[in-house]
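Q: Residue-level listing of the chains:
There are 2 protein chains.
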Amino acid sequence: MSAHRPVPPGYVFEPQEVQAVYRAIFERRDMHHFAGGQVPPGQLRLLLEAAHHAPSVGFMPPWRFLRVTDAVLRQHLHDAVEEERLVTAHALGERENEFMRLKVQGLLEAAEVLAVVLADGRDKHVFGRRTPPQMDLASAACAIQNLWLAAWAEGLGMGWVSLFGPASVSALLALPPGAEPIALLCLGPVDSFYHEPMLQQQRWARRAPLASLAYDNRWGQGREVFDSANDAARGDGSR
Amino acid sequence: MSAHRPVPPGYVFEPQEVQAVYRAIFERRDMHHFAGGQVPPGQLRLLLEAAHHAPSVGFMPPWRFLRVTDAVLRQHLHDAVEEERLVTAHALGERENEFMRLKVQGLLEAAEVLAVVLADGRDKHVFGRRTPPQMDLASAACAIQNLWLAAWAEGLGMGWVSLFGPASVSALLALPPGAEPIALLCLGPVDSFYHEPMLQQQRWARRAPLASLAYDNRWGQGREVFDSANDAARGDGSR
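Protein chains in written order, with the numbering used here: chain W, 1 to 239; chain S, 240 to 478.
You may find that some hints are simply not true.
[Stated by the list, open to error] The following residues of chain W were derived to be distant from chain S, with all beta-carbon distances above 10 Å:
#, residue
1, Glu49
2, Gln75
3, Asn97
4, Leu108
5, Gly121
6, Arg122
7, Asp216
[Said to hold, decoys possible] Distance windows between CB atoms, simulated:
#, chain 1, residue 1, chain 2, residue 2, range
8, S, Leu341, W, Tyr11, 30 to 36 Å
9, S, Ala410, W, Val72, 34 to 40 Å
10, S, Arg340, W, Tyr11, 23 to 29 Å
11, W, Ala91, S, Asp318, 54 to 60 Å
12, S, Ser451, W, Ala167, 37 to 43 Å
13, W, Phe26, S, Pro254, 17 to 23 Å
14, S, Ala406, W, His90, 34 to 40 Å
Since the hints were derived computationally from the structure, they do not count as laboratory data. Glycine included, each C-beta is placed from N, C-alpha and C at the ideal position.
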């Protein structure tokens with residue numbers, strides 16, 4: 001708690017609570033290795049409630065959750081991802097072989113598979129969606145991030161698989177016209193968490209430094225907040 | 240910690256840490272009333288680092304942050320939102336007057352205004368973006384949600400303003416072709432937090448019950464996890 005700002009009464013997070021939130025945010029990883037097992041129904045409902053408490057412009061809400069319990073359906077979804085993986089690998093050209101060594105899904109091993117879908121009939125919502133219209137996807141992504149952070153805190157791994165052809169997945173899930181699948185979430189116990197992002201472990205790519213992605217006021221201009229040393233604030237951006 | 244699942248060593252969140260993460264998720268609100276003041280630079284950097292630790296398919300990352308410190312620019316952004324607000328109000332028809340009473344932005348009062356922009360040149364990224372291509376927006380939305388939860392834990396309010404014409408905002412921020420503004424974030428101290436979502440307080444809309452948004456396996460089918468009572472799990476989805 002800094003002396004610089006008053007915290008409204010009743011909303012103070014204790015320092016260890018603040019750290020717990022940062023801890024979930026900084027430690028969270030996109031997991032593709034799972035250990036089977038199960039997620040108890042009460043815990044799954046709580047995780048879905050966490051997702052459901054995401055921001056939703058005008059309170060649509062745009063998200064729908066399909067819990068995949070049918071083993072045959074799960075296998076078909078796995079196959080749809082595998083099919084897209086081969087096409088993506090080919091599109092990558094010279095990195096094709098390297099890409100093919102990455103594990104990009106855990107649909108067959110994860111305790112739970114949840115498909116996240118943007119609902120049909122979203123056109124009738126106007127408030128906050130006239131422009132830009134894609135705020136429905138943004139809201140649903142926030143819901144997924146909520147679920148991810150809560151799952152991480154609960155000691156469960158989660159992976160967001162988006163490597164699929166929307167048409168195949170829509171057909172498998174019997175989605176109505178206008179609905180769009182945006183994620184196949186693999187969720188459940190893991191044997192161990194990645195200590196750094198898998199793509200970094202596998203030397204596929206590294207995280208870009210934040211300061212290179214920030215500007216002051218207009219594109220390409222300065223970044224004073226990252227240049228200023230010796231300010232009295234806590235935290236200091238380093239971790 | 241449930242007996243149902245093993246938690247990988249070294250990654251255990253203490254029960255109060257788990258609760259802190261849920262607390263941030265369930266209490267977070269979209270704030271449009273701010274109390275001026277300031278966000279210390281070190282704290283702002285830490286919040287941006289939290290955003291930067293969002294998932295980013297293939298590690299693009301798609302997000303850019305523009306910190307608006309120029310008072311004239313801030314006024315122009317405010318005016319762009321106001322302009323879109325009038326157009327949206329008109330499009331709402333019979334709810335126009337009701338809508339016009341809602342406060343939809345705090346650009347002039349918030350300590351900080353951050354524009355979040357999808358970078359130009361995103362087309363060259365293939366992995367995880369061939370289909371569906373809009374995963375760049377999804378990643379950036381996760382970054383915003385991270386920032387939001389961290390700000391909330393720090394006792395700061397944040398509001399996501401998306402009510403603007405992208406062309407006007409792009410021009411004001413001097414964005415290059417291909418870059419897209421997705422959010423004007425208002426961030427800073429507040430006098431009091433909304434105890435329930437503002438749209439609910441103002442009787443604009445209510446949050447839909449989660450169970451109505453979930454299905455088993457295929458669209459429209461069952462929702463066993465919400466029907467099953469008496470399971471031994473903790474949490475139980477109620478809050």
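Q: For each hint, tell me whether it holds in the structure or not.
A: Taking the hints in turn, this is what the structure says about them:
1. Listed as outside the interface, Glu49 (chain W) is inconsistent with that label: its C-beta sits roughly 6 Å from the nearest C-beta of chain S, within the 10 Å cut-off.
2. Listed as a non-interface residue, Gln75 (chain W) keeps its Cβ farther than 10 Å from every Cβ of chain S; the least gap is roughly 13 Å.
3. Separation of Asn97 (chain W) from chain S is adequate, the least Cβ-Cβ distance of about 14 Å exceeding the 10 Å criterion.
4. Residue placement check: Leu108 (chain W) keeps its beta carbon more than 10 Å from all beta carbons of chain S (closest about 16 Å).
5. For Gly121 (chain W), the shortest C-beta to C-beta distance to chain S comes to about 13 Å, beyond the 10 Å cut-off, and the non-interface label holds.
6. Residue placement check: Arg122 (chain W) keeps its beta carbon more than 10 Å from all beta carbons of chain S (closest about 13 Å).
7. Not every Cβ of chain S is farther than 10 Å from the Cβ of Asp216 (chain W); the closest lies at roughly 6 Å, contradicting the non-interface assignment.
8. For Leu341 (chain S) and Tyr11 (chain W), the Cβ-Cβ distance of about 23 Å falls outside the hinted range of 30 to 36 Å, so the restraint is violated.
9. Take Ala410 (chain S) and Val72 (chain W): their Cβ atoms lie about 52 Å apart, and the range 34 to 40 Å is violated.
10. In this structure the hint that Arg340 (chain S) and Tyr11 (chain W) lie 23 to 29 Å apart at CB holds, the actual value being about 26 Å.
11. A hinted range of 54 to 60 Å is violated for the C-beta pair Ala91 (chain W) and Asp318 (chain S), which are about 43 Å apart.
12. With their beta carbons about 26 Å apart, Ser451 (chain S) and Ala167 (chain W) fall outside the hinted range of 37 to 43 Å.
13. The hinted range of 17 to 23 Å is satisfied by Phe26 (chain W) and Pro254 (chain S), whose Cβ atoms lie roughly 20 Å apart.
14. At about 37 Å, the beta-carbon gap between Ala406 (chain S) and His90 (chain W) stays in the expected band of 34 to 40 Å.
The earlier numbered hints that this structure contradicts are 1, 7, 8, 9, 11, 12.
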